[in-house]
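Colleague: Protein chains in written order, with numbering that gives the first Met the number 0: chain R, 0 to 327; chain H, 0 to 342; chain G, 0 to 317.
Keep in mind that the hints are not guaranteed to be accurate.
[Said to hold, decoys possible] Here are the simulated DSS-like cross-link-like pairs (lysine-lysine), alpha carbons at most 30 Å apart as the crow flies: (1) H/256 with H/245; (2) R/96 with R/252; (3) R/132 with R/4; (4) R/208 with R/132; (5) R/252 with R/208; (6) R/204 with R/4; (7) H/9 with R/132; (8) H/245 with R/132; (9) R/96 with H/245; (10) G/175 with G/48; (11) R/208 with H/188; (12) R/252 with R/132; (13) H/8 with R/96; (14) R/4 with R/96; (15) R/204 with H/256; (16) R/252 with R/4.
[Unchecked claim] Some chain G residues flagged as far from chain H (calculated, every beta-carbon gap over 12 Å): (17) 15; (18) 108; (19) 269; (20) 276; (21) 293; (22) 299.
Hints listed in this document are in silico derivations from the structure and should not be mistaken for laboratory results. Beta carbons: idealized from backbone N, C-alpha and C, even for Gly.
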Amino acid sequence: MLDFKHAPVLLDVRHLSIDYVSRDQPPAHAVEDVSFILREGEILGLVGESGCGKTTLMLSLMRLLPAAGRIVSGQINFLERDLLSLSEADVADMRWKDIAMIFQGAMNALNPVRTIGDQIAEVIVRHNLAGDKNFLEQRVSELLELVGIPARRRNQYPHQYSGGMRQRAMIAMALACAPQVVIADEPTTALDVMIQAQILELLAKLREKLGLAVILVTHDLGVVAEICDTVLVMYGGVTAEYADVNTIYNDPKHPYTQQLLGAFPDLSKPQDELIAIPGYPPRLDALPPGCRFAPRCSAAFDRCHHQQPALHRLDGLHVASCHQLETR
Amino acid sequence: MSGYGYLLKKIGWALFTIVFVIVLNFFLFRVLPGDPARAGLRDPRLTVEAIEAIRVRFGLDKPVINCFETLNPLKLGSCTVNPMQTQFFIYVGNLLRGELGISYHTNRPVADMLIERLWNTVLLVGAGQIFAIIIGITLGLVAAWRARTAVDYAALVSSLMAWSLPTFWLGIILLFIGSRQFGLPIGGKATPGANFAGVWEEWLDTARHMILPTLTFTIVFVGEYMLIMRSTVLDVLSEDYILTAKAKGLSTFQILKDHALRNSMLPMVTIIALNLGFTVAGAIQIETVFSWPGLGQSIFEAVGRRDYPMLQGAFLLIAVSVILANLIADLLYSYLDPRVRAG
Amino acid sequence: MTVQVEVSSFTGFWNSFKRNRMGIVGLIMVIAAVAMAVLAPWIAPYDPKAPIQVTIDDIYAPPSPEHWLGTDDAGKDVLSNFIYGARVSLTVGFFASFISIVIGGVIGIVAGFYGGRTENVLMRLTDIMLVIPDLPLAVVLVALTKPSLLNIIFVIGILGWTSTARLVRSQALSVKERKFVLRARAIGASNMYIVRRHILPLVLPLMVANTVLVISLAILNESTLSFLGLSDPTTLSWGQMLNFAFTRGGMSAGAWWALVTPGFGIVWVVLGCTLLGHGLEQVLNPRLETHHLSVGAEMVARPARPPTHAVDARAIEG
C-alpha cells in the first residue's frame, strides 16, 4: 500500500453544509458541518445508509446538486483553490479534468443511443485534450484496454456490454482526462460478487499505477475493509466517525460505527445471529433534536436526545461525534 | 428479438391491417342502408332497363358474397354461384389490378382521378408538417429546458390554445384576413385562367396559393408537436446520463444538442407517425376551406355528390397511405434506435 | 418522471386541485359554457326558432344595438343562435363521449383483468382503430347513413374509445398485481366485487381526466362533421352555423361576426376542457418538472469569506 500519509493534499473539505430548499417547507439539512481531506494516492471510503447525505456530499464537490440543493456554508479546497468561489464556466472546466465521477448504475448513466467510444471521446474533445482523429481513437482504445475491455468494442452500445463491463467502461471514461480525484459512487452495488472483486482490484491497480485519489462511496463494509485507507462514516447528514481504516475496524468509538461492524456478518462465526440495527435512518424533514443517531442508539442517555454532540478529536485523524467521548 | 424478426412482424401486421381495411371498406359500402346503385341513380329519366344495365356494368347484380343473403355462413355448398363471381372477390381482384371503380359522377376511373389529387395533398401536407415539426421541436426543447419558467408557461398556454382550435375554423379566419387584408388568393391551387410564362411562374403562383393553407396546417400542428416534444424532453432530461454529461463538463447547449435532442427524436418519430391520422383529418378540412384540389377535397365532394365509388376509393387510398406511413415510421424507428437494430 | 397519486378522499383531492391554476381556469370555462347552454331561454335576446320577416338588409347585417353580433345568412340573430347552439354542441359532445367511454372502459377492464388471449385480441383491435384515420372513416359512415344528430353521436362515439381503452387497461393491469387483490381473492371475493371495490376507486380519477379530454375531442369532431355538411341542418350547432356562414356567402359579404362567433364558442369549450384535463392530470399524475438542467436556487449560498485559519492540512493530524 502506498504511503500516502505524507503525500500532498488534493482535497480539503471544511465544515460543509448543504440544504435542500422547497417552496412551502423549511429547508432540509441534508449535510451538516462535514469535513475531511483527501491526499494523493489515498482511497477514502464514505460509508452510510441510504439517505445519510453521502451522494449529496459527493455531488456538491462537483457542483452538481439538483435545482433544490444549496450549499450554505463551508469550503471545498482543491489544491488550495476554493471550488465554491469559482464561476460556472470555471466549474465546467474543472469537472472531469480535475475531479471525475463514476456513477452508480452504469446502464442509466450512459446514453443508450450513442456508442461507448463516442461518449468517451466526447469528454476528451471537450477538455481540449484531443489532437487529431487518430490520436483520439488511440486514446479511447488505450483507456478501454486499461480497464480490460477490448478496444474493438468501442463502437458498440451500452446495452451490448455486460453489467460489469459497463461499470468498467464508466471507469475508463472517468479516467479520460487524467483527473487527480475520482469519486466512485457505489460502483459495485448491483453487481455480483465476482465482478465486484474485479472492479475493486481494478481500482486498486489504477491507484498504484496512476497515483489516483479515490473517494469510494459505499454501504458495504467489506469493500471498505478491502481497499480503503481512510473511512468517513456518515449518519443523518453529519459525520459520525472519521479515521483511518485500521482504527475504524479495531477501535471504533461511535455507537453507529460499532453497531455497523457488529451487524457485519463474520465468516469465521457462522452460527451467530445477524444483528440488524433496529429502526430507520431519520427523514431529512424530521430530524431528531439531539444526536441524529440517538433514537436507535443502545448507549443513548438523556443528553443525547436534546443536544447534538460536537465532533471530538481523539488522536491524529480520528474524530467522532458522540457525547460519551466528552469525559476524556 | 432479432432485427429481421421485428421487421417481418411489423410488415405482417401492417398487411393484416390493410386487409382488414379493405374488407371493412367493402362491407361498409354494401351493408349500410342505401343501395349504391339506386343512390347513384336517382335520375328519374332512367328506365328500368337502363338501371338494370348500369347495375350489371358495375357488377351490382352479383351476390355480395356467397350465401350472404341467408346470413348462414355455415351452410356452404347450397349456393350455386361460383364464389369467385361474388362482388367481394371481384372487388379484391380489381384492387389488385389497381382499379378502384368508376366514378358515378364523372364516369372516369376513380384511380386516375385520385392519383392526380394525391400529389396535391402530399405537397400541402408535406410543407405544413415540415414547418410544424421544425418549429414545434425547437419550441418543445426550449420549453422543457426552461420548465416552470415564464417561457415555458407562455409556450404551454399558446400550444394548448393552438391545439384547441378547430382546423377548419382557423383556416376560415386566416382566409378571411389573408384575402381581405393581404390580397392572398381565395382558394384553389392556381389562379383561374392564368397563362404562365414558364415553370417558375407556375410554381410561384402555386406557392402563393399555398401560403394560407400551409400556415393553417403549421399552426395546428405546432401546438401538438410542441406539447409532445416538451413532454419527451422532460423525460429525457431527467435521465441519469444527462447528469453524467453535465459532470463531464459539457455546456448546456452541448448537452441539449448531443444528448437531449438525439434521444428525444426517437420517440418523436413514432409520435409523428401516430399523428398521421390527424394529419389526414386536417387535410380534409383545410382542402375544403381553401378549395385545394387534393384527396381531402375528393372525399368532401364525393360525399356531396353521393359518388360512392369515389368515396370508397378515396377512403381506401387514405387509409392505406396512413397505414403504410405508420409502417415506414416504425421501420425508421427500428433503424434509428440501436437497441432495436442490433437485436 | 411521474408518480401516480392515489385519491383517498374527495376533499383531499379538491384541496390539491384548487391550487392548480390551469385546472381551475379550465373548470370555470367549462362551467360558464354549460351555464350558458342551460340558461339559453333566459339569456338569449331572440328565439332562433321564431319565424321572422326578412328583407335583403337583414341578411348578414353587421353588429348593431338590436343585434349585438349581427345577423346570419337567414337574417337570424347570431348571438341567440350562438347561445342556443351551445346546447346542441355540448349535448352531442357529452353523449358521444359517453358512448366512447363506456366502450373504452369495458374493453379496457376486460382486457386488463382477464388478460391472455382476450387481452391480445382486444389490444390488436385497439391498434387497428388507432391506425385507421378517424375523420375519413367518420365521413364515410355518416355519408352512408342518413345525416342526423343521432348518427353523428353514434359515429363519434364508436370512433373515440381508443384512448380510454388503453388507459383503463394499463390501470387495470397495475392494480391487478397489487397485493390486496390477491388477498381479496384468497378470501373468496368474486371478480365483480374486486372490480367494484378495489379497481374502480383507483381507475376512476384518471378516467375523469381522460373523460374531459374525450369530451373535448368529441366536440371538435362534431363541429368538423357539421361544418362538412354531414349534420342535420335544422339543429343549429356551432359547426352547422359555420357551415352556413361559409357556404352561403359569409366570406364575400365580409360577415366576420358570423364566422368568428361560433368558432370562438368551440375554442372556448375545447380549451376549457383541455386546461381542465391537463390540470387534473397534473394533480393525479404529478410530474416532477425539474431535471438535471433545471435552473434552481443559487447553488452556493454562503457568504464569500476568506478562510479563518491557515490552510494547512497537516494541522489536522496534530
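Colleague: Going through the earlier hints one by one, which of them does the structure break, listed in rising order?
Modeller: Result: hints 2, 3, 5, 7, 10, 11, 12, 13, 15, 19, 20 and 21 break, sorted rising.
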